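Go ahead and model the full structure; you've got the sequences and the hints to work with.
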Amino acid sequence: MSAGLADPSNELREVRGPYSFGNDRQRFFTLVWLLARSDFKLRYAGSFLGPLWGLLRPIAIFSVLYVVFTHIVRFGDDIEYYAQLLLFNIMLFTFFVDGTTTALRSLVRNQRIVSKTQFPRAALPLAAVLTHGFNLGFNFLVVLGFFVFTGVPIRWTWLLIPVVIALLVILTVCVSAFLAALYAQFRDIEQLWSGVITRVLFYASPILYPLEFVPESFRDIVLLNPLAPLLVESRTWLIDPNAPGVEAASGGAIALSLSLFVLTCFVGVAVFVRTAPRVAESL
Amino acid sequence: MSLIDDNEPVDERLESELGPLREERTELLARAESADGQIATLKGRIAALEQAIAAMKEPAPPTPIRAQAAPKGLPGQSGVRSSGTNGNSAMHLADRPIAVEVKHLHKSFKMPSHRVDTFKERILKHPFGIEYRQLEVLRDVTFSIAQGEFVGIVGVNGAGKSTLLKLLTGTYRADAGSIRVAGRVAPLIELGVGFIPDLTARDNVVVNAVLLGLTPQEAEDRYHDILEFAGLEDFEELPLRNYSSGMMVRLGFAVTSMVESDIMLVDEVLAVGDADFQERCMEVLARRRRQGTTICLVSHSMARVKQGCERAILLDAGTITADGHPDEVAKAYAEASRAVGRSGLGTVAADARS
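Respectively, the protein sequence lines represent chains H and V. Per the numbering used here, the first sequence starts with residue 88, numbered consecutively. Per the numbering used here, the second sequence starts with residue 36, numbered consecutively.
Since the hints were derived computationally from the structure, they do not count as laboratory data. Every clue listed holds true.
Below, simulated PhoX-like cross-link-like pairs (lysine-lysine); rule was C-alpha separation at most 25 Å, straight line:
id : chain 1 : residue 1 : chain 2 : residue 2
1  : V       : K138      : H       : K203
2  : H       : K203      : V       : K145
3  : V       : K341      : V       : K366
Some chain H residues well away from chain V (every beta-carbon gap over 12 Å; in silico):
id : residue
4  : W140
5  : E167
6  : T237
7  : L247
Because the structure is a prediction, the values reported are computed rather than measured. No residue lacks a Cβ here, since even glycine has one placed at the ideal position from N, Cα and C.
If you want it as structure tokens, here you go:
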């Protein structure tokens with residue numbers, strides 16, 4: 088059992104205090120997986136429809152918006168496969184918002200384990216994102232089925248969609264890390280993020296409207312939002328290869344957008360790594 | 036709770052008679068200890084010679100790290116000692132490898148004079164920055180624990196015990212100084228950390244065990260032993276919210292005691308649960324000790340420390356003021372707690388963190 092006295096191989100090692108990732112990669116990912124799994128079970132514990140809610144919610148939002156924009160405001164009529172586009176965009180955006188808002192509270196909600204055990208701190212926000220990743224994976228299959236069923240022509244560019252999803256996951260994780268670290272100290276972050284910024288982002292991103300509806304002088308600005316290029320590119324790859332993609336913006340805007348994406352990710356992780364070791368003390 | 040029976044009113048006449056007797060006792064104990072020390076030194080030399088002989092016979096085996104005279108205070112001595120300063124005071128544990136080594140540890144907390152939770156408060160009430168009060172919880176703490184030792188760290192509320200333990204487990208980061216440990220550390224700070232009431236025992240046990248340092252495979256393998264040890268085989272699929280608090284504590288303790296470790300750091304977990312449970316805890320600790328596990332018990336109860344520990348360290352206002360045999364440390368502790376009694380609860384603020 089215990090090595091204790093008999094084992095001279097027990098070398099002294101430094102205890103450095105809490106860390107964000109740790110050296111033990113296997114333990115890190117095991118924890119992320121287990122925490123996400125129990126969070127997922129907890130989320131739907133005792134509910135009749137269970138994980139189906141993860142699908143029903145985006146579908147409900149989609150239905151309302153679809154009716155509004157094809158029968159009342161009536162601009163969706165002119166766009167090829169508007170329903171599919173809207174549904175896909177809402178699915179991606181729902182993942183981003185749900186992932187970041189759950190992760191935002193992750194350190195505070197689990198403060199007992201944060202202040203009582205030693206484990207890589209980044210596992211908590213990452214697990215929160217992964218919980219919603221389960222929903223995203225399932226929803227993606229359903230939406231893809233819907234595409235095929237409604238006659239969207241299958242293209243080889245569909246194979247590129249995992250790139251969009253991967254970039255979205257990276258962005259969500261980095262923003263989540265940033266928010267979770269700040270929320271431990273400033274509780275206003277929650278109101279600011281889930282009450283204001285995510286709502287603004289919903290209308291500021293090309294979710295309801297395609298990029299060609301945006302006046303050309305505005306396109307560069309719309310594409311600055313790190314979510315926008317992902318939405319625009321997935322449309323070109325999934326639905327309409329002739330739709331304006333990222334290349335619709337000027338070269339400078341693309342470079343700016345790209346560096347903004349990288350900067351967001353970098354700042355998010357840097358803030359987390361800086362704050363995480365002392366987060367147990369500020370809870 | 037009453038820690039030592041000095042609180043009872045003692046007749047002054049008896050006290051004057053007791054005084055010399057006490058001094059004599061202290062002296063005798065000191066002598067006995069120095070004799071012990073000499074024996075240990077000799078034993079250490081013998082062991083070293085034997086090892087040297089063995090080394091000559093065999094190709095060099097890996098040499099374990101040796102304790103440099105585990106700092107252990109003599110009665111009456113006080114203040115912080117740095118290890119390895121006095122070569123002559125080799126103790127009976129000096130020849131064992133070090134399990135925990137703490138050097139010049141400092142920890143202070145920034146306490147805002149006013150709690151600020153929102154941007155509005157920050158901007159409207161304190162536009163020129165928040166004033167912070169530096170609260171020094173640990174000051175230049177140095178000690179080491181040899182492998183297989185059972186050490187009790189005692190101190191009044193706010194002395195810095197829990198902060199020290201959290202630094203040792205790695206939940207807090209030290210401001211200065213170093214902590215080194217040999218082997219796997221298992222914190223026994225709170226039972227059932229991270230238990231989620233809405234999930235079943237199975238889900239909770241696996242997550243909890245992995246948080247405490249097991250691999251998922253080990254957790255799965257030991258799952259049935261854990262349930263059996265807790266006596267909860269029939270309640271496997273029941274959500275924890277339907278457990279009685281006793282069942283919950285039993286489950287938490289069963290998980291913790293299944294986690295292998297070379298060093299166990301125990302906080303006041305023993306305080307929860309009934310007498311039967313406490314007895315079982317002490318049993319497990321005793322068994323682990325026989326297996327060679329190093330145990331560090333943090334408590335404000337000197338009685339508990341006397342009961343099991345072979346050595347006690349007294350923390351007072353963030354520094355080590357006594358270190359040695361529990362009986363000797365008990366005296367210093369009684370004085371320290373009387374001092375706190377006089378000055379009121381001035382140090383409670385420090386404990387609010389833990």
